[in-house]
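Residue numbers (the numbering used here), protein chains in the order written: chain A, 2 to 181; chain L, 9 to 145.
Since the hints were made in silico from the structure, they are not lab data.
Virtual Cβ for every residue (Gly too), placed ideally from N, Cα, C.
The reader is advised that the hints may include incorrect statements.
Quick list of in silico lysine to aspartate or glutamate cross-link-like pairs, DMTMM-like style, CA-CA up to 25 Å [as the list claims (entries may be wrong)]:
1) A:59 x A:148
2) A:59 x L:72
3) A:59 x L:75
4) L:12 x A:8
5) A:59 x A:8
Beta-carbon label-pair distances, calculated as ranges [stated by the list, open to error]:
6) A:62 x L:58: 40 to 46 Å
7) A:85 x L:30: 32 to 38 Å
8) L:82 x A:48: 19 to 25 Å
9) L:48 x A:154: 31 to 37 Å
10) L:10 x A:48: 43 to 49 Å
11) A:90 x L:80: 21 to 27 Å
In silico negatives: residues of chain L with every beta carbon more than 10 Å from chain A [stated by the list, open to error]:
12) 9
13) 43
14) 48
15) 57
Spelled out from the first residue to the last, the chains are:
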Amino acid sequence: MGDPDDELLSRVARGDPAASRALVARKLPRLLSLAGRMLGDGAEAEDVAQEAFLRVWKQAPRWRPGAARFDTWLHRVALNLCYDRLRRRRETAYAEPPERPDEGPAPDRGLQALDTGRRVEAALMSLPDRQREAIVLCHYQELGNIEAAAVMGVTVEALESLLGRGRRALRAALVDLKEA
Amino acid sequence: MTPKRFETLAEAFGGDVARWPDADREAAATVMAAEPAWAQRVLALAGDLDAALAASTPLRGAGDLADRIAATAPAARPRWAGWLLPAGMGAGLAAACAAGVMLGAQLGAAPTAVDDPDALVAAADDDFSLYLDEEAG
Chain A
2 MGDPDDELLS RVARGDPAAS RALVARKLPR LLSLAGRMLG DGAEAEDVAQ EAFLRVWKQA
62 PRWRPGAARF DTWLHRVALN LCYDRLRRRR ETAYAEPPER PDEGPAPDRG LQALDTGRRV
122 EAALMSLPDR QREAIVLCHY QELGNIEAAA VMGVTVEALE SLLGRGRRAL RAALVDLKEA
Chain L
9 MTPKRFETLA EAFGGDVARW PDADREAAAT VMAAEPAWAQ RVLALAGDLD AALAASTPLR
69 GAGDLADRIA ATAPAARPRW AGWLLPAGMG AGLAAACAAG VMLGAQLGAA PTAVDDPDAL
129 VAAADDDFSL YLDEEAG
């Protein structure tokens, strides 16, 4: 089965503005969903989406139909951009430690007041990056296990392990939601 | 499929078997038929977390974000560029080389032709080939 994005990409490569708009309309919601959940920051997610499309415009003239699925490639590009930002955050946090001691995560402090969606997002952000990535790709982006593993550069077994550990941690963090 | 494997898959992929890996669904159906009550409990537990995850709504972005991004797409080159650039590139590069050789002979150091549009196009192509190695390799 051919890649559903191939035809649009070839028109983008020819400089067709309608095709560029159509590609943005088709892919932007998925990019924002991916980057928003990986970064937990709307403004940064928008920046990632813009940077990812700059790479799309450069890649379109060289895209080889059949070599890879465009959606898979785009997920990998966006994730690389997200990881760049997560790395910079860690470096900044390391270079500029907080003046007050970090009181650490505490599910009962503050989080309880947030609505369910915000609590889920906070719980997602508390996961190790690779566990969060696995859950975002499989649950929210609805990639199949083989495609998600390819995007992450891991085996399907490793993906399954990341998903299982991530979901167990989320269940523990959100255990009171069922009872509420 | 063992019951343990069924639980592992529910833990990883959630309570909706339709979202499990293709290769495992048929065997999962067999387990569900053999132990329906137990299987439903396992799936319901996983489904609770699925329902919680669904409470996180996707980011929508600023209203004009799509327009701003689409505006960054390169426009089509004018028709004349299709034949002018390839024809001009060879001549331009030859001229740039000749000028460089002459200047180098005169001054001992060849300057860079930064204002030569053909040279700029060639430089952009070089930059792009580096990008492809990084991103698409």
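Q: Take a quick look at whether residue 12 of chain L and residue 8 of chain A sit within 25 Å of each other, Cα to Cα.
A: This hinted pair is violated, its Cα atoms lying about 45 Å apart.
Q: Evaluate the given range 19 to 25 Å for the C-beta pair formed by residue 82 of chain L and residue 48 of chain A.
A: Given about 20 Å between the Cβ atoms, the range holds.
Q | Given pair status - residue 8 of chain A, residue 59 of chain A, alpha carbons within 25 Å | A | holds (16 Å)
Q) Is it true that residue 90 of chain A and residue 80 of chain L lie within 21 to 27 Å of each other by Cβ? A) holds (26 Å)
Q) Do the alpha carbons of residue 59 of chain A and residue 148 of chain A lie within 25 Å of each other, as the hint requires? A) Roughly 24 Å between the alpha carbons, so the hint for residue 59 of chain A and residue 148 of chain A holds.
(Q) Taking 43 to 49 Å as the stated bounds, is the beta-carbon spacing between residue 10 of chain L and residue 48 of chain A within them? (A) Cβ of residue 10 of chain L to Cβ of residue 48 of chain A: about 46 Å, so the range 43 to 49 Å holds.
Q: Quickly compare the C-alpha distance for residue 59 of chain A and residue 72 of chain L to 25 Å and report which way the hint goes.
A: holds (22 Å)
Q.
Holds or violated: residue 59 of chain A and residue 75 of chain L, Cα atoms, limit 25 Å.
A. holds (18 Å)
Q.
Is the claim that residue 48 of chain L lies outside the interface with chain A correct, judged by CB distances over 10 Å?
A. Non-interface label stands for residue 48 of chain L: nearest chain A Cβ at 16 Å, farther than 10 Å.
(Q) Verify the CB-CB distance for residue 85 of chain A and residue 30 of chain L against the hinted window 32 to 38 Å. (A) Holds, at about 33 Å.
Q) Far enough from chain A: is every CB of that chain over 10 Å from the CB of residue 9 of chain L? A) With a cut-off of 10 Å, residue 9 of chain L remains clear of chain A, as the shortest Cβ separation is near 14 Å.
Q | Range hint 40 to 46 Å (beta carbons of residue 62 of chain A and residue 58 of chain L) holds or violated | A | With Cβ atoms ~41 Å apart, the hint holds.
Hint violations for this structure: numbers 4 and 15, all remaining hints satisfied.
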